[in-house]
Each structure stands twice: as C-alpha cells, then as structure tokens.
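Enquirer: Sequence:
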Amino acid sequence: MTDESERNNVGNTYTDESGKFAVGNPGKPRGTRHRVTRAVEELLEGQSEAITQKAVELALEGDGTALRLCLERIAPTRKDAPINFDLPAIKSAEDASEAAQSVLLAVSQGEVTPLEGATVMGLVEQYRRVLETTELERRIAALEEKK
Numbered sequence: 001m002t003d004e005s006e007r008n009n010v011g012n013t014y015t016d017e018s019g020k021f022a023v024g025n026p027g028k029p030r031g032t033r034h035r036v037t038r039a040v041e042e043l044l045e046g047q048s049e050a051i052t053q054k055a056v057e058l059a060l061e062g063d064g065t066a067l068r069l070c071l072e073r074i075a076p077t078r079k080d081a082p083i084n085f086d087l088p089a090i091k092s093a094e095d096a097s098e099a100a101q102s103v104l105l106a107v108s109q110g111e112v113t114p115l116e117g118a119t120v121m122g123l124v125e126q127y128r129r130v131l132e133t134t135e136l137e138r139r140i141a142a143l144e145e146k147k
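All residue numbers for the sequence shown refer to the numbering used here, where the first residue is 1 and numbers rise by one.
Treat the hints with caution; some may be incorrect.
Stated by the list, open to error - Taking lysine-lysine pairs in the DSSO-like style, the calculated list, with each CA pair at most 30 Å apart, reads:
no. : residue 1 : residue 2
1   : LYS91     : LYS147
2   : LYS79     : LYS54
3   : LYS91     : LYS54
Please keep in mind that the hints were generated in silico from the structure rather than gathered at the bench. Every value quoted in this text rests on a predicted model; they were computed, and no experiment measured them.
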C-alpha cells in the first residue's frame, strides 16, 4: 500500500505539505513545454537547418530583419558588463560610506551609467550589512566572554 506522503505527492517541487498544488503553480513538472510550443516544434521538426540557412541567405542579401535576427543569435546584446573605476577598500561601515560617495562621483562625472552605479551601490550596501553583522557577532561574543 502507499503511505500518506506518497499519495499526497509530498516531496515533489510543485505541491505543498497537504498535497495541494502550490499557489501560482499550474501543477506541471519543471521543463514541461506549452502545447503551442510543442506543436510548433513538431511543425518545424527536421527543418531547422534549412530555415536557419534561409535566414542567413536573406541577411547576406541585405534583408534588415533577417540580419537583425541573425546578429541577435550570433552576438546577443550584453545585459551585464564589467565596469572599471576606483573604489576605496571597504573594511567598515564608514568605508562603505566613502565607497558610496565615490560611486556617486563616478556617476556624476559620467564614468559609469546611473544603472551601473545603482548596481554597485547595491553591492556596497550588501557588503556593509555583512560587515555590520560580523561586527555585531564579534561584540556579542566579547560580551558573553566577559560574563
């Protein structure tokens, strides 16, 4: 016989403890393709190389849309890129304040974009929290040691 946990599908990733589907989950296993996607794949089965070759030919003939599609697949636009600017060493919360100041300065001088600056500021803030937590742990340990 099956036990209660097997019957309620507990342990799989798409149900909660009671066996009901989790909120926002349609109940399909991960990786399951939509039926429209499967239908398109069946229609194009065996034709992908010919379609790709035709797109390349059209791009080479000057078709702007085909050229854009080919370039997007060959060299997609970068969503994230490394940035390079001077940032002081961060060893305390005060240092994090100085680092934030230098990020703002870099943004105001055009060295980095505002979006890149916001990303770096987020990293500085997260690191400041880590430093703060470490400092609090050290202080608590010192207080407990005195007792």
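Enquirer: Against each hint, give a clear statement of whether it holds in the structure.
Expert: Going down the list of hints, with the structure as the test:
no., hint, verdict
1, LYS91 <-> LYS147, "holds, 29 Å"
2, LYS79 <-> LYS54, "holds, 28 Å"
3, LYS91 <-> LYS54, "violated, 57 Å"
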